[in-house]
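> Sequence:
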Amino acid sequence: MDLKKLNKPAGYLWAKKTTTESGQELWLPLTTHLLDTERTIHWLFNNWMSEGTKQLLRSEIDDEKLQSLVKFLGFCHDFGKATPSFQSKSSYGGNVPIDSELIAQLIQSGFEGLGGMTLTNANESPHAKAGEALLNYFKVPKSISAIVGGHHGDAGDREPKEQLRDYTANYWQTDSESDAWAKWKRVQNAIFEYGLELSGFRDVSEIPKVSQRNAIILEGLLITADWLASSEYLNNDYQKPLFPLIPINCTIDNIDEEKRFRTAMETWWLDGVWEPKKVLEDSDPYLKRWSFKARPVQQAMTHTIGETTDPGIFIIEAPMGLGKTEIALVAAEQLAYKTQRPGLFVGLPTQATSNAMFDRVQQWEKQLAQEQGDHFPINLMHGKAHFNEAYEKIPRASNVDSESGVDINEWFSGKKSVLSKFAVGTIDNLLLMALKQKHLFLKHLGFSEKVVVIDEVHAYDAYMSQYLFEAIKWLGTYHVPVVVLSATLPREKRKALISSYYRGKYFSKLKIAKNIDENHWSRSKAYPVMTYLDGPDVKQVTEFPGESDQKTVKVKVERLASDALDAMASVLDKIQNGGVAGVIVNTVSRAQELAKMVPAEVPFMLLHSSFLAPERAEKEQQIQAVIGKKGRRPEKLIVIGTQVLEQSLDIDFDILYTDIAPMDLILQRAGRLHRHAIQRPQGLDKPQLFVMGATEFGNYGDDNEAVYKKYLLMKTDYYLKADLSLPQDISNLVQSVYNFDDELDLPGLDLAKEKFDNDLRLKEQKAKQYRINDPVKRGTIHGWLTRGNDEIGQSDQTASAAVRDIKETIEVILLQQTSQGVVMLDGRPIESCNSKEIAEQLIRLPGRVVPEYQMLKAIKLLETRTLERFQSWQSDRWLHGAISLVLDETSQTRFNGYKLAYSSQYGLIVEKEDDDD
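Those letters in the sequence shown? Residues 0 to 916, by numbering that gives the first Met the number 0.
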């Protein structure tokens, strides 16, 4: 369409303005930005958005109207800038000359009186809200106007009904009819009519309404398009222009709109799009991808997924070491093809497990890219991703030529990370789908585009599960295929996951008959098992014909007291003829205590969360190298660690010691026992599991009961047998412990159950405060993000803490003061290290060192000390905002009533100062 159809004064309205450091004055006409965004969103809709998501939108609106609606939203998104309240705004830098010049242009084009105008309530009509109010004024459906009102991340509690009445001058310059009033109305009408015609609507009555679900998706797309159309250069590289501002002496007549858009998209669009192919079972996808033949369980589950016609959620419960990850990745290919969603997100409990999974997913994705002769993007989504060497070595998309493979597209960073088509990250990223926070629309759009895999789902506690179930409902609403993996899943959680997905997809409750037998999917103790939704039908796979190479493992269980000396004596006795002993305990301090008891002649490795980030990563790699698959096993070794050893590390112990923990976690830990088919040392040819702290029923020690609920420990204690057959016993044991309706008559159990129920109720209530509501069929996006606590979700750290129900702690860069100056803990002077190396020396102080009520005071103190010592950090990309803690020459310091010491052997050691000190 010809821009000349707009009346001339509209061409002098500005959308953006700035003065560069060199003094150059730049601006962007409003009509140019509206056209940029209209073209960008239309391009994204047709070229970037998956066919699966588009089909979801088309289920309500036919394609012709949908194309028009997308263009209309793009063009009208900043309609609220065509108002005197916006046009009279000062530039961010308070640069008077450019403000005066643009106002003079407007006055010259007929907006008289704008120069001396004072609007007392200009801030009451921010441009997004003003755009919504104007569209309502032009009779646009409210579900559409709300999308414009929310394009800066939040649509507010309700529609802005009173805006035009209460703040009339913000829209038309005066509070009552006048020549200025008429002028603004003519310009606004011209822009609106132009937008209608450009979009393909003949009249406002042709604009369709949308459901809440589709409004959220369209909002996410609009925010993405606006951010892209507001990017002047790709990753701030001035040689790669996208949508740059123009000199103040240029006008819309100097802009070639078509060329501008074409150049921008050619510069921005760096990656290929995965075109999933049908997985052919005849050629064995496992042999093709990983060079091994599919096991019976893998074969049966893959075949079943391939037979589904309307796939939903798939819950795979199978023993450790069976190859669930491979099942999930084959399923990702199958489901991407079936649902036309060419992307994948894999969520895991921790950064460590995410890093391990990232390597596997990257190799799988690389095969996909090479088969297609293209390159695909990938993202590692957690707070320490930039410290991951494998991730940092991946080439950037802007530097990749025609070579096929995997790359990192830097434009998809920060809040845009979730939009990358392939991603691996901590489960927080998915749980945040259910947290009320600004720009949540982007997360929903990003996840609607992918197959979602959730690993280690048993690791998420009652509080996190509230967010998980809500996120699953929304994934169901978007018809996103979900694959859930667990070795030890309580059937109540299985039922909740299936019911949540059903509720989201069909907007109704899944009905389960009261009189059901043990074979019903919700009560079945079959193992392995896959429970899934195909359309509205819940189905299960429990039969796996064929001979498995996974043999039954008979485990002898013995109980020990918690005493560390006795435990270490037992360990040493058991490996006197050689062998690798694993010792998994519930707290860092206990792991350190045990490690200090290991005799000097016996090699040991220690792993827990209180090591510097690089050292912890190195220790994980070392452990994998010696006792992982195909590792070079030493003659004798003790591996001591906390819960980090129980999740996703493919390691093998000859004998295992564990603190008492809930049954599912004990079994998870036991999965590291005789995991691989190798020769065992004398006396360790049969698997032995020693459970520490379970010799006196109901008394498990303060530390263990502080980490895990006493009720679960008591039931675990009761049901744990002296002889285990794995994997056969896994389901029965887990279901027994997590059956909260049983009537065991055990001393103290009722009291522990009452406390457990109360705690669970409180966690559910707390989660509900910050959690979004269930999806609804109708309604707008107003009120969707209304929250009681404005601090929640305002930063990545507070948001992650909110969905995990964890107390915030302080993360510091740990350094050392010596006579030679400040050094890293490995002895290198910080002057010889680059900023990234220094920034990697991170460690999190335990919560007891800085209680929550002292947090702000402690941070301020450390910030002051950091500023005094390391002023240059404030202008450094890696170190800006970081806080330091500097140890003395003996690698110790005192802070907040605690002695802190660090060694590369034991990590951060924390001791309470004596009152006499």
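FYI, nobody ran anything at the bench for these hints, they're computed from the structure.
Glycine included, every Cβ here is placed at the ideal spot set by N, Cα and C.
Hints should not be assumed to be uniformly reliable.
[Claimed, not checked] Only pairs whose alpha carbons sit at most 30 Å apart, straight line, appear in this in silico BS3-like list of lysine-lysine:
(1) K629 <-> K573
(2) K437 <-> K550
(3) K508 <-> K550
(4) K258 <-> K277
(5) K365 <-> K628
(6) K776 <-> K415
(7) K53 <-> K628
(8) K752 <-> K776
(9) K618 <-> K365
(10) K64 <-> K292
(11) K776 <-> K708
(12) K414 <-> K555
(13) K776 <-> K754
(14) K184 <-> K53
(15) K53 <-> K555
[Said to hold, decoys possible] Quick list of the computed label-pair ranges, beta carbon to beta carbon:
(16) E192 <-> N253: 21 to 27 Å
(17) G115 <-> Q764: 18 to 24 Å
(18) Q764 <-> K414: 50 to 56 Å
(19) Q853 <-> P207: 41 to 47 Å
(20) P535 <-> N46: 53 to 59 Å
(21) Q727 <-> D702: 30 to 36 Å
(22) D178 <-> Q764: 46 to 52 Å
(23) R847 <-> K414: 46 to 52 Å
(24) K911 <-> Q238: 53 to 59 Å
(25) Q764 <-> C249: 56 to 62 Å
> Of all the hints given earlier, name the ones this structure violates by number, lowest first.
2, 3, 4, 7, 8, 10, 11, 12, 13, 14, 15, 17, 18, 19, 20, 22, 23
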